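Protein chains: 2
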Amino acid sequence: MSKRKRPDISSLKEGVLAGNRVMLSRAITLAESKLETDRNLAEKLMDELMPYTGKSFRLGVTGVPGVGKSTFITRFGKKLIEEGYKLAILAIDPSSPTTGGSILGDKTRMGDLATHPQVYIRPSATGGTLGGISATTRECSLICEAAGYDFIIIETVGVGQSEVGVRHMVDAFLLLLLPGSGDELQGIKKGIMEMADIIVVNKSDGVNATQARETRQAYSRALKLFPPKPHNFPTKVLTCSSLSGQGTGKIWKELSDFWRNTLDSGYMKQERSRQRVLWAKSHIKELMEYYFYGHPRVKEELPGLLLQVEDGKLSSLSAARKLIDMFFNTSIHG
Amino acid sequence: MSKRKRPDISSLKEGVLAGNRVMLSRAITLAESKLETDRNLAEKLMDELMPYTGKSFRLGVTGVPGVGKSTFITRFGKKLIEEGYKLAILAIDPSSPTTGGSILGDKTRMGDLATHPQVYIRPSATGGTLGGISATTRECSLICEAAGYDFIIIETVGVGQSEVGVRHMVDAFLLLLLPGSGDELQGIKKGIMEMADIIVVNKSDGVNATQARETRQAYSRALKLFPPKPHNFPTKVLTCSSLSGQGTGKIWKELSDFWRNTLDSGYMKQERSRQRVLWAKSHIKELMEYYFYGHPRVKEELPGLLLQVEDGKLSSLSAARKLIDMFFNTSIHG
Chain A
1 MSKRKRPDIS
11 SLKEGVLAGN
21 RVMLSRAITL
31 AESKLETDRN
41 LAEKLMDELM
51 PYTGKSFRLG
61 VTGVPGVGKS
71 TFITRFGKKL
81 IEEGYKLAIL
91 AIDPSSPTTG
101 GSILGDKTRM
111 GDLATHPQVY
121 IRPSATGGTL
131 GGISATTREC
141 SLICEAAGYD
151 FIIIETVGVG
161 QSEVGVRHMV
171 DAFLLLLLPG
181 SGDELQGIKK
191 GIMEMADIIV
201 VNKSDGVNAT
211 QARETRQAYS
221 RALKLFPPKP
231 HNFPTKVLTC
241 SSLSGQGTGK
251 IWKELSDFWR
261 NTLDSGYMKQ
271 ERSRQRVLWA
281 KSHIKELMEY
291 YFYGHPRVKE
301 ELPGLLLQVE
311 DGKLSSLSAA
321 RKLIDMFFNT
331 SIHG
Chain B
1 MSKRKRPDIS
11 SLKEGVLAGN
21 RVMLSRAITL
31 AESKLETDRN
41 LAEKLMDELM
51 PYTGKSFRLG
61 VTGVPGVGKS
71 TFITRFGKKL
81 IEEGYKLAIL
91 AIDPSSPTTG
101 GSILGDKTRM
111 GDLATHPQVY
121 IRPSATGGTL
131 GGISATTREC
141 SLICEAAGYD
151 FIIIETVGVG
161 QSEVGVRHMV
171 DAFLLLLLPG
181 SGDELQGIKK
191 GIMEMADIIV
201 VNKSDGVNAT
211 QARETRQAYS
221 RALKLFPPKP
231 HNFPTKVLTC
241 SSLSGQGTGK
251 IWKELSDFWR
261 NTLDSGYMKQ
271 ERSRQRVLWA
281 KSHIKELMEY
291 YFYGHPRVKE
301 ELPGLLLQVE
311 DGKLSSLSAA
321 RKLIDMFFNT
331 SIHG
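Protein chains in written order, with our numbering: chain A, 1 to 334; chain B, 1 to 334.
Just chain A, with the same shape it has in the complex:
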């Protein structure tokens, strides 16, 4: 944002609420900014938009690279549009370290969905110091909600830690699998299976169809060994062909059942409250680290002290204490 005119919060707010795409993009860019002045503005904007959020359904989609997340989201997205939803797709793409690099990539991968008036696609900036990947993505999803997008899909890569962060910002988590391979071979961590509210065996077409059914059965059996979820909605395994569209209707039915069920039972409200408190604590931690590691004295002394720790000349505890004392004795605000 530094090279552009500083955005005006009230015009951003109005633009977002009116569903203006240019203003929506500018609001997201502001939320992704690492400049402290932008962060302050972003916080004000988030407060202004808060009352207009919360009406959407938030779905996380994960799976190993090659499982076909983009084609699945494209196909399933079309179903959602038919059902009348306005859809925002946020993709966490760690292969692209800078914002924008993969916008074109996503838009190309998602074909005609990208230009549909009911759809907004945005890759997430990665590697933010203040806020981190997940926190920024969460803010983006809230801004999209305020802009009237009532179905939010957050795509993760399925190989790292990002799933855990995403789990705490969505209402349901969908795990995509390939037909005919075991847990180990798919590189899926057991923890990710436990997080899933719905599992979909993708590429269930042509020669894969039989294998896909077997995979579905194997995973259905494996899920019986897991304890029930707090929402008590049983995790189903379904098959799908993103190529032909077979299965998307069933997936939509399952998800809309989940949505209605967790809304009626009060679980969704309760879970979202829990998530908000969790994110507040996560922001506190991030802000503390931001100020600590950005503190001039700490920055100057940290490498030398850690080297002494590495060499065993200073205990880990003493190094920590020394740095903490430096930080508080010459704290940023006084």
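Calculated directly from the structure, the hints in this document are not laboratory data. Incorrect hints may appear among the rest.
Copies of the same chain look alike in the list, so a pair counts if it fits in one copy or across any two.
Below, computed lysine to aspartate or glutamate pairings styled on EDC-like, alpha-carbon distance capped at 16 angstroms [as the list claims (entries may be wrong)]:
hint, residue 1, residue 2
1, K285, E254
2, K13, E194
3, K44, E14
4, K299, E254
5, K269, E310
6, K79, E14
7, K322, E36
8, K322, E286
Predicted model, so just to flag it, every value in this text is computed and none were measured.
Knowing the structure of chain A, use the given hints to seat chain B on it.
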């Protein structure tokens, strides 16, 4: 420590270095104390003892409740004593919320090992605000090293997050399994299997012997799907009867091979340096949280602000910012 006379650092240091058990226990109690004055003394003591640490081998032992960790450690401990080692056993026991509560328990469970002159057994205090479970255990193990214990066993419970913390304070991690049950049934998370440097199928006696061999083979096959460890020492699966002692010789041979191998390759030195830096950063985080959540204004305002966040009246980001500002504007040192 508050009710006793304040310990004198230099006499504690001398006592620990002389291998005096009473002084060793008092030093550990000091390290476990949550009082800030004690923490300062403990840090000084740790610095004094640092040059006398680092010569031991540190082994983590984990497994689900009922797998027989105590009987295994008792049996394997006897082997270590025969080999001439002085053995310290630190047990993390989350079922006992107060220090001391389970000392008798451990000593009873470990039979005549508990009274052996070459053995020191100590349960770890749990639930420390400052330092946490793992950090305190790490300090205790260093104090034991300074006291001349050259083999340290840290027992974890195998069901929670404590394994990850323990993994970063030991040289090798041993996972105990029961014969004849699959991964899911044993409740072992895949991540814990990945952490293991050696896997032992316990209770391999009587009617279980055949099943134990089958379990060993199944896990050996499963391990082939995992990527190689950074130390390049292959993870073996062995069987053991803690009842008869069968298998302990092989386990000792495997562990001493591991020890020699990682010592010669320089891996152990490098890994311990990495662990020390990790702990320094972890201590920084803990100290920051300690001061933040203990700050009078923060303590007063936190519940109300989090309630607003829960109710969706305030964004997570703004609540965090407000609390951070309160903290720094009236910081503890000024």
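Exercise for the section: Indicate which option fits the pair K13, E194 if close means a Cα-Cα distance not exceeding 16 angstroms: within, between, both or neither. Expected result: Answer is neither: 38 angstroms inside a copy and 48 angstroms across each miss the 16 angstroms cutoff.
Practice task
Classify it for me, K285 with E254: is the Cα-Cα distance of at most 16 angstroms met within a copy, between copies, both or neither?
Solution key: Close neither inside one copy (37 angstroms) nor across copies (42 angstroms); limit 16 angstroms.
Problem - Within, between, both or neither, where K79 and E14 count as close if Cα-Cα is 16 angstroms or less - result: neither (30 angstroms within a copy, 74 angstroms between copies)
Exercise for the section: Classify it for me, K269 with E310: is the Cα-Cα distance of at most 16 angstroms met within a copy, between copies, both or neither? Expected result: between (47 angstroms within a copy, 10 angstroms between copies)
Practice task
Indicate which option fits the pair K322, E36 if close means a Cα-Cα distance not exceeding 16 angstroms: within, between, both or neither.
Solution key: Between copies only: 15 angstroms across, 27 angstroms inside.
Problem - Intra- versus inter-subunit Cα pairing at 16 angstroms for K299 with E254 - result: neither (51 angstroms within a copy, 44 angstroms between copies)
Practice task
Indicate which option fits the pair K322, E286 if close means a Cα-Cα distance not exceeding 16 angstroms: within, between, both or neither.
Solution key: between (21 angstroms within a copy, 14 angstroms between copies)
Problem - Status of E14 relative to K44 across identical chains (alpha carbons, at most 16 angstroms) - result: within (14 angstroms within a copy, 58 angstroms between copies)
In this structure, the earlier hints numbered 1, 2, 4 and 6 are contradicted, and the remaining ones agree with it.
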